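K.L.:
Since each chain sits alone in its own frame, please combine them into the complex, following the hints.
Chain by chain, the residues run as shown.
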Amino acid sequence: MTGGKSDVFWINHLLRRAGFGVTPRELKRYVALGYDGTVNELLNPENVDNMQLEESIKQQDFDYTAINDLKRWWIYRMAFTRCPLEEKMTLFWHGHFATSDRKVNNAYAMYGQNMLFRKHALGNFHEILYNASKDPAMILWLDNQQNRKGKPNENYAREIMELFTLGIGNYSEQDIKEAARAFTGWQTLPSGFFFNQRQHDYGAKTVLGVSGNLNGDDVVAILVKQKETSKFLATKLIKYFAFDDPDPAMVSRIADVYMTSKYNMRKVVRAILTDPAFLSERAFHAKIKSPAELVIGSLKTLQIRKLDGDLPMTMARMGQDLLMPPNVKGWDGGTAWIATDTMMERFNFANRVTTTKFSEMSKFSSAQEIVDNQGLTSAGKLVDYFLDLLVDADVPASTRAKLVSYVSSDLSGKPVSNIPDEKTLDAKLRGLVHLIMTLPTYQLA
Amino acid sequence: MSISRRTFLQGLGLMSVYLSAPEALLLSAKAAEYAPRTAGKSKILVLVQMSGGNDGLNTVVPYNNGAYYQLRPTLAIEPDKVLPLDREIGLNPNMIGLHELFKNGKVAVVQGVGYPNPSRSHFRSIEIWQTAQPDKIVETGWLGRYLDCADCTKNGNIFAAVNVEPTLPKTLQSNKIMVPSVSNVFDFKFRTDPRYLQDRETQVRAFEDIYGTFQSKRPNAELLRNAGLEANKASDYLQKIVREYQSEIKYPDGSFGNGLKFISQMISGGVDSRIFTVNLDGFDTHTNQANGQNKLLKQFSEGVAAFYKDLERNNLQDDVVLFGFSEFGRRVVENNGRGTDHGTAAPVYVIGSKVKGGVYGEHPSMTALDDGDLKYKMDFRCVYATLLDRWMGADSREILGQRYEYIPFV
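These protein sequence lines are chains A and B, in that order. Just so we're aligned: the first sequence equals residues 40 to 484 in our numbering. Just so we're aligned: the second sequence equals residues 723 to 1132 in our numbering.
Isolated chain B, as found in the complex (with noise of 0.2 Å):
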């Protein structure tokens, strides 16, 4: 049975009413125990969100298809260039930290992955990867609707999940709990006049008093009170995780490794979440393909690379599976800017120490097309299934409504 978070808040809104305002704080989260991770603790995923739609086929090149060359004139990859994967296909150029890993047995590569009657619309197909629901709009993510089965929250702990963006994607909306986001953590904390230092603590505590008990019937009133209340008390903890965990590890600059890097810092910190999301955005490449998708998958690898070494550092690479998808992928025929149109089936990348590393499912064809676009081969939620059930230990039918095949890379 699900409740829906308004009903869920009401209910512990009306609580309070019969608390006093100090029991009533109990309500609210424990401060998080600061302790460093040991390895073996739980399954943790990734989600890597490369925003867009990033082109498949410069990806993961068919580097061995005759069509590939013939549709994309000034945009195919040389066979000499890309870096193979098999004798059919081979990673972009670019993606040498990828490549070394996939060598080692760490990648899995799922081709063709999409779903039925796909949206060439970016806002709708997202929310359909986001939620798993193609047939209608649904208001929780798939990892939202995980997070309401495994009951993450008990104990108060308010990191059931993080959120490395400024703005929680769907994927993590949940009926029972809201996801923290924290972009940028230096700038994550309750701050108060530095001439009266004497009288924060007296501030801070008015704020809790106030947040623990602030009772309206405005209709936002209970999602305000949830994100100060949380977000005052994820600050400490996370300035704490971030001073102490330094890492030399160099990850590639700009938001997108910075992010990583900050999860890496929350995983050996002891932040007891089992699930991350980031975003690396600017995939929707209509005109000038190469150039700006080329420096996108230099960042993905090089993330992707230093994140697995930092784990490996710390003797967590177990602990960790990684995740990268895309809302699809793009027209076979490149247009006439050196760019491409919108299109549909993608491959996805699964990475880790757990991973069985290879190429799984078949390519889709390249001649024999759907309007111009590729024909999906692998339904995406059998990757969700396959990642839930045999990485998270959860009953993915709960999460997706039915059974799917599982792909066994993991």
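Chain A extracted, bound-state conformation (with noise of 0.2 Å):
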């Protein structure tokens, strides 16, 4: 492929992207299907065998009203998945579309949202902004339900414009105010999405130049073909699986896709991840992995299957509530991922993983096996193993250096030539994946 760099080098660079990282086993069989294959099956999920998945959800015995078994179901189905890229892209629509429980609060009402992103997590983004319009929690969450005939409420038909589609600067403040109308007596019932014909605004408005008796499907048709919604999304996507800075002729790209295939959203995703800039050295470990690409990216890596009842509360201090975006906007990535706590949150994690759930590496139970079963027989051997394995090397000479030299000494800090016991050689191969853990290539996806 690109840049010399070998095919297994480059399906995990699209697999901590288009998914959450890969265990050992996945990545096997991605590789046996090679690049291309690997996209293909990753963009047609319906073609995927996910039963193993549903069975075991099943056994769970989740609660689809509680909000924090919410949020454990869906780290479950992030962990577990055969179909990465559907979550993947769950998590975007959830990321665009952000509605909160703090406000909505009701589960269930998320629960319909996020089945309802899954649904056309790769589908055609008229659906999809039709049908996240209608969404019950949605319309908790944007105040619709208030929004009525004479006394219009803004707020639906402002972020619809300024955070869906067009994006700031791309509309007046008359096309909220009209648009808003459009969408009045869009109601939610417990039962689902009500039609409210008294309170609708029959009255002729004008949106973006479009003039007429327009309802909310007339405003959805309208927004979801302008240009400015093509580089909108475009570049949203673009930030959200390759890299933060994307440049105009890549957008352009993109965006056309969006238009020439009338916003079929599993040829944009496709065109990203087969596009040249996708595999180059400049999208390689360039951007900060999300907290939920660094909790089950690193689960799925030392192949840990028990997942801890307050992964949700460790994303959270991450600065990625589930189902609790900070607004509407949505977490803004990249570098606001990165500050003095959630760095600290980060290392926690790391320790976490290597003092209690490190046992559960599937292979070996102990430090020696997996020593013995890799045949990493020098300190050297040993650090490029993890470094391998957790960084794809991705460190300057003088942290390997450093690495080997934590290694190659004593619980008290003095260097030895043997490890002196197997309590030593535990302590130490902990210590060494925390640190490598708490490196800041660890951090890059």
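Please note that a few of the clues may not be correct.
To be verified - Pairs of lysine-lysine, DSS-like flavour, derived with a Cα cap of 30 Å:
| # | chain 1 | residue 1 | chain 2 | residue 2 |
| --- | --- | --- | --- | --- |
| 1 | B | K858 | A | K275 |
| 2 | A | K44 | A | K306 |
| 3 | B | K898 | A | K368 |
| 4 | A | K67 | A | K420 |
| 5 | A | K420 | A | K368 |
| 6 | A | K306 | A | K275 |
| 7 | A | K158 | A | K275 |
| 8 | A | K368 | B | K1076 |
| 9 | A | K216 | B | K1099 |
| 10 | B | K1099 | B | K1076 |
| 11 | B | K1097 | B | K1017 |
| 12 | B | K1099 | A | K190 |
| 13 | A | K142 | B | K972 |
| 14 | A | K396 | B | K911 |
| 15 | A | K275 | B | K1076 |
| 16 | A | K266 | B | K858 |
| 17 | B | K1076 | B | K972 |
| 18 | B | K858 | B | K763 |
| 19 | B | K911 | B | K763 |
| 20 | A | K368 | B | K962 |
| 21 | A | K275 | B | K1097 |
| 22 | A | K278 | B | K1017 |
| 23 | A | K188 | A | K216 |
To be verified - Residues from chain B that keep clear of chain A, each with C-beta distances beyond 10 Å, as calculated:
| # | residue |
| --- | --- |
| 24 | G819 |
| 25 | I971 |
| 26 | G979 |
In short, the hints are calculated from the structure, not lab data. If you're wondering where the values come from, they're calculated on a predicted model, not measured in any experiment. Each residue gets a CB set at the ideal place from its N, CA and C atoms; glycine is no exception.
P.N.:
Written out as structure tokens, the structure reads:
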């Protein structure tokens, strides 16, 4: 492939972006499919047998009316699905149509919305926007329940233009006022969407230059076909999958696919994942892992199968509280993931993994066995093995040297030529993995 | 001259090539000395961001204005309920603590604060307030630029400012330094395996060694390296402060009250910061406004009152000014859901023992509206300029790009 790097290298890269990392076993399967074969499989989740996930979810007995269960359910899906891109796009739509249970206060409605995003994960944007606009959680979240004839509530009209389609600066305050009238009477009942005709304003309206007796469907149709929408979505998706600073040429390429495919997200995402820029040095380790990517990825790489109940809280402290995004703009992502305390949280998650979860690495149960099974006969080999596994060996030589000297010392820090006993080996192995997981490059996707 | 974050950091990175590891470590901040604050050491600014767009009209109520009662048939607050500031305006009845402070001359209310061509987008408008730049998008915040000018990082002080929220507001985005964010001090500690306590020191030293010299061409590696180094340096020190500086003053429950309490602990414990930021979120009251806003204003008022009392207890009240603001006020006429939509100008609050209390500026007309919204009377940058020059002793022209008129509240 590109830059002299192997297929394995780019498939790892692909799965960090289009999924949540891979287990060694999954990686083997994807490598057999090759890069293009893997992209095809990821883009067509309906062709993948995911029954094992659905069966094991049934056994977990999640309560879909309790928000904490719902968070755990979603994390479980991210960790064990065979359709990782489907979950990754579900997370994208959740961040795009960012709805928080803090206000909706109805976990089952949040579940419904989440299932909607999953169903349309790689679907048509017109349909996605149309369904999101009628989604009960969304109607509660952006106050459309109170948007009535004669007394419009502008919240939904503003955000659908500013955050869901056009982006700021591409509409007028008048467009918002008129669009709000078009969405009057779009309400929710316990049974679902309800069009309240008596509260709908049937008068003439003009939105983005289109006049008529417009309703919400019309506004959705007007918005999806705007050039600004194509650029807005293309930019956001490139940032989500490839890098934080997309160039105008690439945005145009991807936006064109959106327009010519009539808003087909499968084609748009395919275009990004197969773009030469995605498979370039510029994209490699160019993004900061989101908390979801960091947490799920760590579990997968280290083959930890038992998920702790407080993972949602851990991710929240890292800055990503699933189903409770900070506001309707969703998570900013990129460098916004990083602050001193979210960084500390990442370090301490690494520590928790290596102290309490590490023994679950499936193939071995003791440090000695890991070392023996992998034929790690020296400190250098041990360090290289884990640097390769965890950070694609993307560290400066000075870091490798310091890790080697950490491993080649006893518990008091004195250099030794042989690890004195199994207890020391266990401490050093756990400490080594902890240290690698705190590296700057481990935070990169 | 300002240097970009990237070139600055690259400069640091390149330097470390020529240094051996122990020397390179000196580049990072020195462990802070632990000593309680002595009164009068410096002037401190505490920023309270009231996120979501606080409805100014139901916070500082024009209770003598007929139009207010006409346009707010269900939301208007009765004249006999408000806590009067003067003959025209009074505080929301839930702000008893703040009203007490006002009566003691410690609160300045500046009316009708805003900026030209107001944005009704939460995200753009808060960015305008945070960067003090309504005309274009810039990467640094107004207090970040203050930090750049003030050179607060000399002598290895990593606490030029502290944000007590999970994410750093753009207000503190600086070219030269990364301001630490510490939302939960109890989790803010570098942990290692409790079974191998003996190995802890070796491991922490390896971490610091690696971070001290880590070089990579990946675009975010330097940012991560700095965040990691600072996190580690700050944690021991802050743990100690919080242990030593307990307070008997009762703060309101929730992250806002906890944040103010933590700030007070840091100030009295001697953390050498001149700026602290905290957030109170939830003011986006499109529906059933009264219930939500009243609770938030109560939290605001009780939190501020407790914070002031706490400072007084340590005789530090003269050192601190607190400034409360929101990204915009709300539409004058209420909507159909007993709420209000996004609006424009609103009052801001400046609180402190050294503040000249009172009502400043003119209330915007309730009838001569701009497309249903209040017309601003005072540019928010006048407030910033006053705080920067007359409180912080800075040069606001360097930070805001031009001179702005002062408001005599300090």
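K.L.:
Taking the hints in turn, state whether each one holds.
P.N.:
Each hint tested on the structure:
{"no.": "1", "hint": "K858/B with K275/A", "result": "holds (21 Å)"}
{"no.": "2", "hint": "K44/A with K306/A", "result": "holds (26 Å)"}
{"no.": "3", "hint": "K898/B with K368/A", "result": "holds (28 Å)"}
{"no.": "4", "hint": "K67/A with K420/A", "result": "holds (22 Å)"}
{"no.": "5", "hint": "K420/A with K368/A", "result": "violated (46 Å)"}
{"no.": "6", "hint": "K306/A with K275/A", "result": "holds (15 Å)"}
{"no.": "7", "hint": "K158/A with K275/A", "result": "holds (20 Å)"}
{"no.": "8", "hint": "K368/A with K1076/B", "result": "violated (38 Å)"}
{"no.": "9", "hint": "K216/A with K1099/B", "result": "holds (25 Å)"}
{"no.": "10", "hint": "K1099/B with K1076/B", "result": "holds (25 Å)"}
{"no.": "11", "hint": "K1097/B with K1017/B", "result": "holds (27 Å)"}
{"no.": "12", "hint": "K1099/B with K190/A", "result": "holds (28 Å)"}
{"no.": "13", "hint": "K142/A with K972/B", "result": "holds (28 Å)"}
{"no.": "14", "hint": "K396/A with K911/B", "result": "holds (20 Å)"}
{"no.": "15", "hint": "K275/A with K1076/B", "result": "violated (47 Å)"}
{"no.": "16", "hint": "K266/A with K858/B", "result": "holds (23 Å)"}
{"no.": "17", "hint": "K1076/B with K972/B", "result": "holds (24 Å)"}
{"no.": "18", "hint": "K858/B with K763/B", "result": "violated (37 Å)"}
{"no.": "19", "hint": "K911/B with K763/B", "result": "holds (28 Å)"}
{"no.": "20", "hint": "K368/A with K962/B", "result": "violated (37 Å)"}
{"no.": "21", "hint": "K275/A with K1097/B", "result": "violated (35 Å)"}
{"no.": "22", "hint": "K278/A with K1017/B", "result": "violated (38 Å)"}
{"no.": "23", "hint": "K188/A with K216/A", "result": "holds (12 Å)"}
{"no.": "24", "hint": "G819", "result": "holds (26 Å)"}
{"no.": "25", "hint": "I971", "result": "holds (24 Å)"}
{"no.": "26", "hint": "G979", "result": "holds (18 Å)"}
The structure fails hints 5, 8, 15, 18, 20, 21 and 22 (numbered hints given earlier, in ascending order).
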